[in-house]
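Student: Residue numbers (my numbering), protein chains in the order written: chain A, 1 to 258; chain B, 1001 to 1397.
Worth flagging that the hints you see were computed from the coordinates, not collected in a lab.
Keep in mind the model is a prediction, meaning the values are calculated, not measured.
Treat the hints with care, as some may be off.
In the DSS-like style, the derived pairs of lysine-lysine whose C-alpha atoms are separated by at most 27 Å in a straight line are [stated by the list, open to error]:
1. B:Lys1323 / A:Lys196
2. A:Lys18 / B:Lys1205
3. A:Lys196 / A:Lys233
4. A:Lys146 / B:Lys1042
In case you want the letters, here they are:
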Amino acid sequence: MNVLVCVKQIPDPNAPGKIDPQSKRLVREGVDLVLDPGDEHAVEAGLQIVEQAGGEVTVLSMGPPKALDAIRKALSMGGARGIHVQDPGLENSDALSTARVIGAVAAGASYDLIICGTESTDGSTGAVPAMVAELLGLPLLSFARKLTAEGKTAQIHRQTDEGYDIVEAPLPAVVTVTGGINEARYPSLRGIMQSKNKEVKALSLKDLGLEGKAGKGALTQEVLTIAPAEARKAGEVVEDKGDGARRIADFLAGAKVI
Amino acid sequence: MFPPLYRIECALPGSVDFYNTDELLNDEERLVRSTVGRFVDKRFIPIVAEHYERGTFPMEIVPELASLGLFGMHLQGYGAAGMSNVMYGLACQELERGDSGLRSFVSVQGSLCMFPINHYGSQEQKERWLPPMARGEVIGCFGLTEPEFGSNPAGMATRARRDGNDWILNGTKRWITNGNLAHLALVWARTDDGIRGFLVEKGTKGFEAREIHNKLSMRASVTSELILDDCRVPASSELPGARGLKGPLSCLNEARFGIVWGSLGAAIACYQSALEYARERVQFDRPIAGYQLTQEKLVGMITEITKGQLLALQLGRLKDRGKASATQISMAKMNNARQALQIARDARSILGANGISLEYPVMRHMANLETVLTYEGTNEVHMLAIGEEITGLSAFK
């Protein structure tokens, strides 16, 4: 079972993010850059698959030279090799360009599974995996909170508001995983040392035959304006007149928590 | 695991790095630091206060310490991670940002037990002990200090006498970290042929570990006395490569190097706690961080941390090239432990009464650092070793 896991390096989501008003993008300079925590679950899911079924995990990231750190982190968790797509033309790419890049990488190899996080923690479009599946003509198994792959079939438990659906698709397939699917392992110190010797192939738009088809000159989306999220409103104060427990239970049921 | 009775101590995002020393680290080094740091924040800091109060070491995290690869991390082969000295230092920094007891546990296992077995042991000893020690299945301790011989280990009273194919050990070792947790004790003893090291397994007749109670420092660490009473061990338990005091002293050099970085970690924890507190604590209608006397303390802390980081890093680079001398390590150990203790005391004063509580890390670190100041070479002995180096005159013997 050969698995391609797509990862992204993002500004540390634990630090307060700043948006550059000019580029309308998150500031990446002078902040800690980390492997997207959502992608750690994707890496873990991939590693668990190959630990059971054999094969190896290839880690793919598209990003500036620093994004190599995120690939190395995934390799130190146990990924076998990396692919780093970097090209000045890909700066400020949109979701479709990103998907075309992933699609071009995947089309050149035979992966049984392409695993992504549900969405990136910084951009949060959540559109790339579906676009990749569409471009490659593969089934999409999204919002997986459980993933198994046996023989020629992948099965997931798709997270829903009420519970989960069991969904199956033939391999190869694209899967997106939620944060609840697993607890991502820490890279071991041995893994960090070994990751230095693992191959990370650098690819450009030209290498992928995507010049003019992705990134600059091929963008289909543009960020026009940005606005701060609406401030959280004051909560409801429940005064207990003997019915407090019931009202809390009703509230939780209303929020579909219980 | 203990329920979190205490408020979880806040780990501020980002590292304390006033001089951009991060630029001097490579990607792997930063990844080692963040990996160990995240583990300490998530798994250790939430439980340390409870253990500190009870006077116990959290043995439940030992399997995780092992799977991270922390035991013997700077050794090569036998399941060890094979890291550089700088990486080892950064890991020690993050461990001691949690607690000096955690760093001590890892230091003793790696630098004081696995290092000498790897360096001075027979092939059979290495193969037998190093892999299970790297996996955390065998815990080691290091018996050098005695009740009457601390700074002067050359005077040790513990004796090893040859009896046929065996050795008979007699004596007492004291202040031995992990003594009661250990499956294996490396005991240094005087023979007719100078000082030698012996691997004594727990349960050997005539060997006993007694826990030292009533400690006011290093409470989340187990400290013991080792008693050897006609303890008979086979000749194969002797470390064949260790001859004389330079055997144990070389181990201490390794461990002291960890203290250089570890004490920085404790200092960083105290600084972060004091800075956060001073910004939030309002007295006379404004945050106490806005008062000059508080700023003087905070600036003193960050300045000493910055100096300590540069000292540690250059020492690590030297050590990675095999060029770090014992007195260079002495200087950094002396300085960083001393400054960390002062930083902890200043942090304690900024936190006022809250500073004495286990809800905050500062007094715990402060009490620990009183030990760190004197163990593995007191402040004074390191100073006089450097004094001897620069003057050519010994002032202590």
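Student: Can the restraint linking Lys146 (chain A) and Lys1042 (chain B) be considered satisfied, given a maximum Cα separation of 27 Å?
Tutor: Given that 27 Å is the threshold and the Cα spacing comes to 24 Å, the pair holds.
Student: Please verify whether Lys1323 (chain B) and Lys196 (chain A) have alpha carbons no more than 27 Å apart.
Tutor: holds, 25 Å
Student: Take the C-alpha atoms of Lys196 (chain A) and Lys233 (chain A), compute the straight-line distance between them, and say whether it is at most 27 Å.
Tutor: violated, 48 Å
Student: Taking only the CA atoms, is the gap from Lys18 (chain A) to Lys1205 (chain B) under or equal to 27 Å?
Tutor: Distance of about 65 Å is beyond 27 Å: violated.
Checked against the numbered hints above, the structure violates hints 2, 3; every other hint is satisfied.
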